[in-house]
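S.K.: Sequence:
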Amino acid sequence: MDRKTILVGLAIFTFIAVLTVATIFLKRPETFRGTEYQQPLAASEITLTRDNGEVFRLSGQKGKVVLLFFGYTFCPDECPTTLAELKQVYDGLGGDARSVEVVLISVDPGRDTPQHIQDYVNRFNPSFIGLSGSQTELESVWKNYGIFREIAPGTSPTNYGIDHTARISLIDPDGNLRLSYGFQTPVDDIIHDVELILKTKK
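For the sequence shown, this note's numbering begins at 282 and goes up steadily by one.
What the hints contain is simulated information worked out from the structure, not anything from laboratory work.
Everything numeric in this text was worked out from a predicted model, so none of it was measured.
Nothing false has been slipped in among the hints.
Computed cross-link-like contacts, DSS-like style, restricted to lysine-lysine with a CA-CA straight-line distance of at most 27 angstroms:
#, residue 1, residue 2
1, LYS368, LYS345
2, LYS480, LYS368
3, LYS345, LYS480
4, LYS345, LYS482
Given the sequences, and given the hints that come with them, work out the whole structure.
M.R.: Shown next, in the form of structure tokens:
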């Protein structure tokens with residue numbers, strides 16, 4: 282066998298090998314970028330009265346991706362930063378944003394009325410939902426979602442801070458807790474995961 286034939290054979294073999302590897306790589310399923318729950322968990326029901334008197338039920342959001350965050354309107358840093366990032370997520374989704382609900386639930390029932398917290402989220406996007414309630418109503422929600430919440434004493438009974446869990450939870454269109462995101466997770470990572478979940482439901 283002459284040298285030219287050997288070289289041609291090697292070239293063909295290399296091309297086939299590269300093509301095979303590329304095909305396998307391209308067929309690999311996309312993976313989520315957020316922290317996945319070991320298995321999808323049914324999200325606990327949330328029932329709270331909105332500022333307009335309507336009752337919000339998490340179960341009524343089935344068919345949509347819900348991005349759930351716990352915070353409060355007097356929060357100096359994590360809450361406004363996270364809501365600003367969720368606005369970027371919402372804007373970045375384009376038409377898919379119609380299938381997404383962003384929900385902020387208060388950890389400060391002493392100061393956050395339903396009207397106050399809705400007015401707060403409206404500053405970021407009027408389609409966002411802000412929810413509050415009584416201490417008793419909210420405590421069960423905090424417990425069901427593993428939310429740490431502790432008042433940090435301030436200079437007066439009404440001037441205080443609250444240390445709280447600052448994670449976003451993603452609930453899929455079937456009502457399952459699927460992913461969570463730590464504070465300041467890149468916006469593109471959340472967009473990627475939302476689009477991936479919506480794509481599997483189409």
